[in-house]
Structure formats: C-alpha cells, structure tokens
Amino acid sequence: MDEQKLTKWLAAYKRSWEQQDADLFVKLFTPDCEYRENPFIEPVPGREFHAFWQALAQRQQDNRIEFEILGPASGNRAVVNWMATSTRRETQERRQGNGIFLLTFDAAGLCSDLREWQHAHPVGAPLEKRVFAWPKS
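Sequential numbering from 1079 applies to the sequence shown in our numbering.
Hints in this document: simulated from the structure, not taken from any laboratory. Some hints could be false.
Computed list of lysine to any residue pairs in SDA-like fashion (alpha-carbon distance at most 20 Å, straight line) [as the list claims (entries may be wrong)]:
1) K1092 to R1172
2) K1092 to Q1196
3) K1092 to G1187
4) K1083 to F1145
Simulated restraints on C-beta separations [claimed, not checked]:
5) Q1097 to P1117: 26 to 32 Å
6) R1155 to K1214: 38 to 44 Å
7) E1081 to Q1170: 34 to 40 Å
8) E1096 to T1169: 17 to 23 Å
9) E1206 to T1182: 29 to 35 Å
10) Q1082 to E1206: 34 to 40 Å
11) W1212 to K1086: 44 to 50 Å
12) W1195 to R1166: 30 to 36 Å
13) S1215 to T1085: 43 to 49 Å
14) H1128 to P1213: 48 to 54 Å
15) T1169 to S1215: 39 to 45 Å
In this text, a Cβ means the ideal position worked out from N, Cα and C, and glycines have one as well.
Using the sequences and the hints given, assemble the complete structure.
Shown next, in the form of structure tokens:
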C-alpha cells in the first residue's frame, strides 16, 4: 500500500465516520476483516460491520477526525495516528480521542485487519492523575 492509496483510503474512512455512512464504511474492508478497537474487547467480524457502524452512529454525532501517517507504509501494513472529537447523543458530552491504527491491506487496497489502541476523555478536561506515585527528585 503506497502513501497515495493509503491517503485515499483514510479520506474515505474519514467520510464514513464524519457522515456516519455505514455503506461506505463496509466498502473499505474485506468481508473477513476483523476490527479490533481495543485489545481487551472481542473483535467485530466483517459480517457485522454495517450494524456496528449504525449502532455507533446512534451513540455519536458531530464527528470529526484527522489522521497522521506515522512513517511510510511497509508492504501491506500501515501505522496511523488519529485524532477525533464527537458528541455523545445521550448526554451531549463532547469528547476527544487519540489513537493508533495498525492497518493491513489486501492486494485490492481493502483493509483485511484493523487493530486499534485508543484513549478518550471529555473535551477541555484536565489531564488525568496517575494512579500511583513515585519519589520526586
């Protein structure tokens, strides 16, 4: 996956997330892809992507996302940093997130595996305190 194709794929992902377009989202992945949004949560199988994206759209609105490609793609893999904001529909809480995608692509340019590590908190909230302390020098 060269950088131009990756940039085009990311632009389509951005549209699918910001416009909450489940049909476009599904077209970016192979049918057997797994979406691992957290290493400690079971992956979403490709056959459930449409329903997954629609359920996400019911929880969020005003989505915005930007990407930074972290170095050149290597073979069929790419590492991308994303920075996003969205509003939770139920509470109207505005949240910001930052995460990493490890993307694997097939020969046709479809994502065949997505692994994600992410963190989010309310927009404007102070940094969280550490859960442990150490001697300060």
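Results for each hint:
Straight-line distance between C-alpha atoms of K1092 and R1172 comes to about 18 Å, which keeps the hinted pair within the 20 Å bound. Distance check on the hinted pair: K1092 and Q1196 sit about 16 Å apart at the alpha-carbon level, within 20 Å; holds. Between K1092 and G1187 the CA atoms are separated by roughly 16 Å; this keeps the pair inside 20 Å, and the hint holds. At most 20 Å may separate the alpha-carbon atoms for a hinted pair to count; K1083 and F1145 meet this at roughly 14 Å.
Look at Q1097 against P1117: about 28 Å separates their beta carbons, and that is inside 26 to 32 Å. A hinted range of 38 to 44 Å for the beta carbons of R1155 and K1214 is consistent with their spacing of about 40 Å. Between E1081 and Q1170 the Cβ separation comes to about 38 Å, which falls inside the hinted range of 34 to 40 Å. Between E1096 and T1169 the CB atoms are about 20 Å apart, so this pair conforms to the stated range of 17 to 23 Å.
Between E1206 and T1182 the CB atoms are about 32 Å apart, so this pair conforms to the stated range of 29 to 35 Å. Between Q1082 and E1206 the CB atoms are about 38 Å apart, so this pair conforms to the stated range of 34 to 40 Å. For W1212 and K1086, the Cβ-Cβ distance of about 46 Å falls inside the hinted range of 44 to 50 Å, so the restraint holds. Taking 30 to 36 Å as the suggested C-beta distance range, the pair W1195 and R1166 does not conform, at roughly 21 Å.
The supplied range of 43 to 49 Å is met by S1215 and T1085, whose beta-carbon atoms lie about 44 Å from each other. For H1128 and P1213, the Cβ-Cβ distance of about 53 Å falls inside the hinted range of 48 to 54 Å, so the restraint holds. The hinted window of 39 to 45 Å between T1169 and S1215 holds, with their beta carbons roughly 41 Å apart.
The structure fails to meet hint 12 from the earlier list, while all remaining hints are met.
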